[in-house]
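Chains as they are written, first to last, in the numbering used here: chain A, 14 to 405; chain B, 14 to 405.
Hints should not be assumed to be uniformly reliable.
Same chains, same names: a pair is fine if it fits in one copy or spans any two.
[As the list claims (entries may be wrong)] Within a straight-line C-alpha distance of at most 30 Å, the following computed DSS-like cross-link-like pairs (lysine-lysine) qualify:
{"hint": "1", "residue 1": "Lys370", "residue 2": "Lys395"}
{"hint": "2", "residue 1": "Lys75", "residue 2": "Lys97"}
{"hint": "3", "residue 1": "Lys149", "residue 2": "Lys97"}
{"hint": "4", "residue 1": "Lys97", "residue 2": "Lys32"}
{"hint": "5", "residue 1": "Lys75", "residue 2": "Lys370"}
{"hint": "6", "residue 1": "Lys149", "residue 2": "Lys370"}
{"hint": "7", "residue 1": "Lys97", "residue 2": "Lys370"}
{"hint": "8", "residue 1": "Lys80", "residue 2": "Lys149"}
{"hint": "9", "residue 1": "Lys97", "residue 2": "Lys170"}
{"hint": "10", "residue 1": "Lys80", "residue 2": "Lys370"}
The set of hints was computed from the structure by calculation and includes no laboratory data. Bear in mind the structure is a predicted one, so any value in this text is a computation, not a measurement.
Number of protein chains: 2
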Amino acid sequence: MSSGDKQQQLTSVDECLEKHLPPAELAEVKRILYGRDVPRITLPQSALDAAQEGSFEIKAFKFDAAKEDITTPRVVRVGLVQNKIVLPTTAPVQQQRDALLARCATIARAAAMAGVNVLCLQEAWNMPFAFCTREKLPWCEFAEPAEDGPTTQFIQKIAREHNMVIISPILERDTNHGDVLWNTAVVVSNTGRVIGKSRKNHIPRVGDFNESTYYESGNTGHPVFSTQFGKLAVNICYGRHHPQNWMMYGINGAEIVFNPSATLDGLSEPLWGVEARNAAIANSYFTCAINRVGTEHYPRPFTSADGQPAHHDLGHFYGSSYVTAPDGSRTPGLSRTSDGLLVVEMDLNLCRQIKDKWGFRMTQRLELYGPLLSAAARPDFKPQIISDSFTD
Amino acid sequence: MSSGDKQQQLTSVDECLEKHLPPAELAEVKRILYGRDVPRITLPQSALDAAQEGSFEIKAFKFDAAKEDITTPRVVRVGLVQNKIVLPTTAPVQQQRDALLARCATIARAAAMAGVNVLCLQEAWNMPFAFCTREKLPWCEFAEPAEDGPTTQFIQKIAREHNMVIISPILERDTNHGDVLWNTAVVVSNTGRVIGKSRKNHIPRVGDFNESTYYESGNTGHPVFSTQFGKLAVNICYGRHHPQNWMMYGINGAEIVFNPSATLDGLSEPLWGVEARNAAIANSYFTCAINRVGTEHYPRPFTSADGQPAHHDLGHFYGSSYVTAPDGSRTPGLSRTSDGLLVVEMDLNLCRQIKDKWGFRMTQRLELYGPLLSAAARPDFKPQIISDSFTD
């Protein structure tokens with residue numbers, strides 16, 4: 014058991030506040046912490062039944078926008094999936110993957126019943142997050158070509174079946190470029206067509222997240238995928254720590270940016286509610302933060318560069334997937350401890366309305382910052398420092 | 014009375030949680046929402062007495078860093094001041110200013126007793142935040158030269174007296190460049206010398222914050238002031254909504270970035286705990302978010318472009334000043350309703366230690382983003398959009 018699982022895990026901050034705060038104070042605390050009230054929406058009984066039968070949480074919320082004279086509402090429903098691995102990491106690779114594909118199919122079916130138009134899975138969703146081990150086999154066997162690997166073919170089938178755009182983050186094997194690996198999100202149209210892919214732009218070397226052992230910084234830029242259900246982008250995991258990364262998806266026109274992640278309670282949890290939310294505010298788009306859940310045990314021990322004895326798990330992935338609107342208001346999170354599907358309806362007109370209100374894009378001064386960042390990247394860069402003559 | 018003051022204001026989210034949550038759940042909720050525990054520190058009785066006598070809140074906290082073999086701790090204490098205006102906005106200009114200067118002197122004296130090395134005042138601290146009126150007189154009379162105006166001379170005196178660096182954000186009258194106005198922070202050394210100034214880089218036009226009526230975007234870049242007590246920078250108010258602005262202070266080497274602000278509960282409060290905190294995380298430095306407090310009434314009515322009747326006040330400034338460390342942990346906030354001084358001790362070594370741990374600066378890829386932002390600023394910019402062929 015990981016340290017995270019030895020103790021009783023808190024299921025949800027939101028439930029804890031709702032249980033203990035008096036109603037008037039709860040409303041004010043939620044306003045200050047979370048923004049305007051985000052109402053729940055009622056889902057069809059079939060979706061609720063499917064969730065209960067499949068043993069995963071399902072929650073649904075709605076962000077509306079102001080009515081306009083000329084522009085009609087552009088309402089879409091997104092689904093965020095968080096899940097544990099299904100089989101032990103010691104099972105044969107293909108069985109592990111097949112079990113996760115079946116789990117995904119179950120949740121996607123409930124999402125379809127809930128009217129979801131765009132479904133996003135968690136980072137490297139068809140495998141355990143084995144990069145902590147720094148071992149190459151068997152984990153690299155989970156890698157596959159983005160365009161036509163078995164996982165992509167599977168996703169194409171269910172995307173077409175349910176008329177949903179699906180974002181499928183996997184470990185990519187780039188057979189056209191020397192078989193190298195990438196951390197890649199494949200974006201599949203509701204027609205079943207692969208629209209394109211987006212690679213993870215910033216790679217961690219923090220704690221056990223030594224992913225630079227496996228793959229390099231992405232080279233696909235900051236693509237925005239124009240779909241029937243809005244302009245979508247994918248900022249994978251550690252890229253959420255980089256505001257300039259979020260910013261480029263916004264500059265390229267994204268209305269919804271998904272952040273499929275895999276991160277631990279002992280490492281990043283106090284940052285979790287801050288970063289994707291700040292990105293939604295700064296860029297006037299919706300952000301969807303997705304984290305896997307549970308603890309994954311490995312057959313061979315590894316160390317964590319923290320002086321502690323070698324061990325067999327990373328710790329506890331805390332779930333807590335949530336959505337933030339361009340006005341900074343956010344939904345409650347999914348559970349910290351169990352599989353779940355978060356369904357969020359949103360009117361994409363809110364992005365433009367908030368740009369008009371707050372003016373962050375208008376006041377961005379990109380013509381100032383482009384040359385500044387370029388200068389700062391040069392080896393001979395001189396920072397703008399003004400010294401107090403008595404101290405320097 | 015403003016709408017904000019008609020109802021009973023919640024004094025503090027932190028106090029509300031502490032009052033109602035059971036201890037074990039409180040600890041876990043605070044960990045998830047605020048990060049690692051930030052211990053209180055004990056202040057000399059003289060400082061506490063001065064606060065009580067002066068009718069302002071005083072709170073003190075401490076962020077430590079890991080001990081290192083070679084590098085000794087670099088411990089500094091900062092003080093954040095939030096306060097109401099003292100006299101009505103109908104009093105003569107000089108009397109209003111003198112009353113605020115006296116209030117500042119009282120709080121600065123307590124800060125000195127509390128061992129503060131660097132004190133930062135709120136935005137346009139020596140005047141009411143009158144830009145909502147869009148009137149030029151009498152409010153422009155509060156403007157003065159940054160280098161040697163009466164407020165700067167006053168600050169020089171108390172900086173020398175208390176051996177404190179003081180950051181003094183004022184409305185600047187630039188007599189060397191056609192008498193134009195700027196929103197400017199003057200940085201005064203603990204020796205009393207004016208080290209330099211930093212102008213507000215991004216100007217709001219949201220709600221009643223129509224400050225573009227009065228002054229333009231700053232032209233002083235992103236200066237970092239190297240002082241006896243660390244490398245300091247000032248990101249004024251609306252600049253906190255712009256991650257690229259925060260980033261440049263970090264690139265120039267800032268260890269502490271102050272964000273003196275004036276903002277309202279009906280407008281920005283759910284963003285308040287997110288933006289300065291995200292900046293501390295993304296840039297591995299300390300951020301100090303300061304907001305004024307109270308409601309300011311004006312003699313002549315103005316409208317707010319929200320369809321509501323003309324009125325005489327902006328609403329409620331919610332205080333809630335707080336400090337975030339590079340690891341994302343934050344102090345509780347000062348009160349939402351009263352004057353206050355927040356004293357925070359910090360070991361500046363934590364900035365470098367967190368850079369080494371998380372690697373955000375190492376993985377920043379500035380060489381990628383400089384050209385991207387420059388391209389995006391050009392009128393003929395083409396966003397990176399990949400269209401689903403069925404929809405475009």
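Evaluated hints:
Taking the closest pair of Cα atoms, lysine 370 and lysine 395 come within 30 Å of each other only across two copies (25 Å); inside a single copy the shortest separation is 37 Å, beyond that limit. With identical chains, the CA atoms of lysine 75 and lysine 97 are at most 30 Å apart within one copy only, with a shortest distance of 26 Å there and 38 Å across copies. In this assembly of identical chains, lysine 149 and lysine 97 lie within 30 Å of each other by CA distance solely inside one copy; the values are 22 Å within and 61 Å between copies. Proximity of lysine 97 and lysine 32 under a CA criterion of 30 Å is satisfied intra-copy only: 27 Å inside one chain copy versus 36 Å between copies.
Taking the shortest Cα distances, lysine 75 and lysine 370 sit within 30 Å of each other inside one copy (20 Å), while across copies they are farther apart (38 Å). Taking the shortest Cα distances, lysine 149 and lysine 370 sit within 30 Å of each other only across copies (24 Å), while inside one copy they are farther apart (50 Å). For a Cα distance limit of 30 Å, the shortest separation of lysine 97 from lysine 370 across copies, 27 Å, qualifies, whereas the shortest one inside one copy, 40 Å, does not. Taking the shortest alpha-carbon separations for lysine 80 and lysine 149, neither the intra-copy value of 54 Å nor the inter-copy value of 36 Å comes in at or below 30 Å.
Proximity of lysine 97 to lysine 170 under the C-alpha cut-off of 30 Å is restricted to the intra-copy arrangement: shortest distance 23 Å within a copy versus 62 Å between copies. Proximity of lysine 80 to lysine 370 under the C-alpha cut-off of 30 Å is restricted to the intra-copy arrangement: shortest distance 15 Å within a copy versus 47 Å between copies.
Figure legend: structure checked against the earlier numbered hints; the only hint not met is number 8.
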